[in-house]
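J.: Full structure from sequences and hints, please.
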Amino acid sequence: MSKFHGIEKYQKVKEYKLLPFKFDRYDQHRYILTNLIGEYHFLSREKLQLLADKKLPNDDLDIPYLRSKHFIYYEDEKAPIELLGLKVRTKYSRLPNFTSLHIFVVSLRCDHSCPYCQVSRQSEDKAAFDMTEEIANKALEFVFRSPSPAIKIEFQGGEPLLNFEIIKYVVIRAKEINLKLNRDLEFVIATTLSLITDEILEFCKGHSIILSSSLDGPEDLHNSNRPRPGKNSHQKFVEGLQKARSSLGFDRVSALMTTTEGSLTRVKEIIDEYIRLGFDGVFLRQLSPYGFAIKTKKYNAYQSDRWFEFYKEGLNYIIELNKSGFRFIEHYTSVVLAKMLTSNDPGYVDLMNPSGAGIAAIVFNYNGYVYASDESRMLAEMGDETFRLGHILENSYEEIILSDKLIDALDESFTLSSPMCSDCSYEQFCGAEPVFHYATQKDLIGRKPESEFCKKNMNIFKYILQLMESDPKTKEIFLGWANRC
Amino acid sequence: MSEQIKLEFDIQVYSIEAAQKAAYRLLNYFTIDIQSKSNQIICTLNSNQGITKEGFDFAIQEFKKNILDEELRIKIRKETEPLRNLVLGVAFSRTGLQQNE
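Those protein sequence lines, which keep their order, are chains A and B. First residue of the first sequence: 1, per my numbering; consecutive thereafter. First residue of the second sequence: 1001, per my numbering; consecutive thereafter.
Hints are computed from structural coordinates only; laboratory data are not their basis. Since the structure is predicted, the reported quantities are computational estimates derived from the model, not experimental observations. Among the hints, erroneous ones may be present.
[Claimed, not checked] Result set (BS3-like, lysine-lysine): computed pairs, CA atoms no more than 27 Å apart in a straight line:
1) A/Lys-152 / A/Lys-126
2) A/Lys-22 / B/Lys-1075
3) A/Lys-69 / A/Lys-14
4) B/Lys-1064 / A/Lys-22
5) A/Lys-462 / B/Lys-1065
6) A/Lys-442 / A/Lys-91
7) B/Lys-1064 / A/Lys-55
8) A/Lys-14 / A/Lys-55
9) B/Lys-1064 / A/Lys-455
10) A/Lys-47 / B/Lys-1075
11) A/Lys-455 / B/Lys-1053
[To be verified] Partner residues aside, some chain A positions facing chain B, computed with beta carbon under 8 Å:
12) Leu-19
13) Leu-50
14) Ala-52
15) Leu-56
16) Glu-82
17) Gly-85
18) Arg-89
19) Asp-423
20) Arg-447
21) Pro-449
22) Glu-452
Each residue gets a CB set at the ideal place from its N, CA and C atoms; glycine is no exception.
T.: The structure is reproduced here in structure tokens:
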């Protein structure tokens, strides 16, 4: 008699049970299945039917994967439900912390006149377009009502450096308030860097302020996208970048790009320019359907399909760079990968559910009006005040945060109950975007088969999965990106 | 010129909910009128303006595949609904977000 049980002793003979999952056709032969937190697996239609009918044999090669990824469990097991619950809690751990990003629009005035910009004004009239101390004080009271242990205050414009006095005031006042409240406080200035001076940099250094800037690509493209007197916006950016890096530190200045019609054939040149200037990644952003971008017909100049070709070409180029040993990332892809490959939600506002409007980020406009998101105030600049939540001098924190405008937007756009999204296997990677859908379809939920947001993101999700499935080396690179967020 | 087709499904096999959900995914291709008569679900599809004959044919095929998928989704959702609630309960049971009745 053997001292050991035979293998059959340990083989499950009981019927497995299903855990909640969603599925969609992925290609001609396969379906993609995703569970409650976005773990995914591919099966043929036949196997999917067998799985649902509980007829997939226990020794099938897919069974271990389906168990480890929480698609099935056996009745005597408690751990899978506990573990899945823990992962769900991790995924939504940002929610109880509420608003962390507070955007102060300190001036609408700007020295640039970008045709796609939603908000800037070419004006010398400080009184008309600058934030006052009275409004800043009230906004700061609001900021510290947030329960979030980490608070980021971002100064935007126009060109916020045109009202640097109020930036200084807010930073110093916020730090005074924080002496008692002890939050993890962070400051960012979104600036073109054209007006940066030694005095400004000294202040930024003294208060650990990060600079977020804009670079649209090579000099001619950048200058054409971002006109200013002297036609030298690129030169001003490069000079400002060098100055800021040597003062604040190399990694204290980041850059964002905006894709215009002129960018679409030049993605490699754009990436090369980012590399030349020492950045470790690029964010291949699509133009938003708000404000002047629509007014000047810049948004309609290209649609998601053309942008997607641009994105694919750029991503492929970046992957090749990584394979050759040069580490460089595409930021939007890395956000999506974190959602696909980890239990963490990177908290990117466009890809949050419930929507990040108001509860992840909130905007205090120069004139005291409070908006649910940056996009909401851009929409307001077009005369549509749908997402104006109140006025900082007239409404309380409770009136603003509990306003029907915000609650309705969050409630109606919730993807777990929206038509099509609730059944979509890519929903876990995606987000609710009430402002986008309102801007494009005049509907908070939006008809997803006609949604450019849905189309763009579905294309991206499928393409990223396809790249990982077809090339283990790419998957290895992507795992590095996912765990970077 | 709008194309039209009438499709019939056996009500013993398919539900109206599955037909509705399958059609919703394709509302950029066609409008639909769904009727239930005796043992049949009758779906009348009219192509949207600007949709070509080829586009409409593609959408009809997709609709037929979708309705099968939707039936399977309904089955899985029905079976896993209590577990979904249990997992969400486990997930948020220690967050302090619930209020006692």
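J.: Give a verdict on every hint.
T.: We went through each hint and held it up to the structure:
Annotation: proposed proximity of A/Lys-152 to A/Lys-126 holds, straight-line Cα distance about 26 Å (limit 27 Å). With a C-alpha separation of about 11 Å, the suggested pairing of A/Lys-22 with B/Lys-1075 holds against the 27 Å cut-off. Proposed proximity of A/Lys-69 and A/Lys-14 is supported: the alpha carbons are some 19 Å apart, at most 27 Å. Restraint check for B/Lys-1064 and A/Lys-22: the C-alpha separation of about 19 Å stays at or below 27 Å, so the hint holds.
A distance of roughly 19 Å separates the Cα atoms of A/Lys-462 and B/Lys-1065; the hinted pair therefore holds under the 27 Å criterion. For a cut-off of 27 Å, the pair hint linking A/Lys-442 to A/Lys-91 is broken: about 30 Å separates their Cα positions. For the hint linking B/Lys-1064 to A/Lys-55, the alpha-carbon distance of about 24 Å falls within 27 Å, and the restraint holds. With a C-alpha separation of about 11 Å, the suggested pairing of A/Lys-14 with A/Lys-55 holds against the 27 Å cut-off.
The straight-line distance between the Cα atoms of B/Lys-1064 and A/Lys-455 is roughly 21 Å, inside the 27 Å bound, and the hint therefore holds. Between A/Lys-47 and B/Lys-1075 the alpha-carbon distance is near 15 Å, which keeps this suggested pair within the 27 Å criterion. A distance of roughly 22 Å separates the Cα atoms of A/Lys-455 and B/Lys-1053; the hinted pair therefore holds under the 27 Å criterion. The interface hint given for A/Leu-19 is met, as the beta carbon of that residue sits about 6 Å from the closest beta carbon of chain B, less than 8 Å.
For the restraint placing A/Leu-50 at the interface with chain B, the shortest Cβ-Cβ distance is roughly 11 Å, beyond the 8 Å limit, so the hint is violated. For A/Ala-52, the suggested interface contact is upheld, since its CB lies about 6 Å from the closest CB of chain B, less than 8 Å. At about 13 Å, the closest approach between the beta carbon of A/Leu-56 and any beta carbon in chain B exceeds 8 Å, and the interface hint on this residue is violated. Evaluation of the A/Glu-82 hint against chain B yields a held restraint, the C-beta minimum of about 6 Å falling below 8 Å.
With 8 Å as the threshold, the beta carbon of A/Gly-85 comes within range of chain B, its nearest partner Cβ sitting at about 3 Å, so the hint holds. Given hint, A/Arg-89 at the interface with chain B, holds; its Cβ is 4 Å from that chain's nearest Cβ, closer than 8 Å. Below 8 Å, beta-carbon pairs count as interface contacts, and A/Asp-423 has one with chain B at about 6 Å; its hint therefore holds. Nearest Cβ of chain B to the Cβ of A/Arg-447: about 6 Å, under the 8 Å cut. The hint holds.
Annotation: A/Pro-449 was flagged as interfacial toward chain B, and the flag holds, the nearest CB pair being 4 Å apart, inside 8 Å. Annotation: A/Glu-452 was flagged as interfacial toward chain B, and the flag is violated, the nearest CB pair being 11 Å apart, outside 8 Å.
Violated hints, in rising order: 6, 13, 15 and 22; the structure is consistent with all others.
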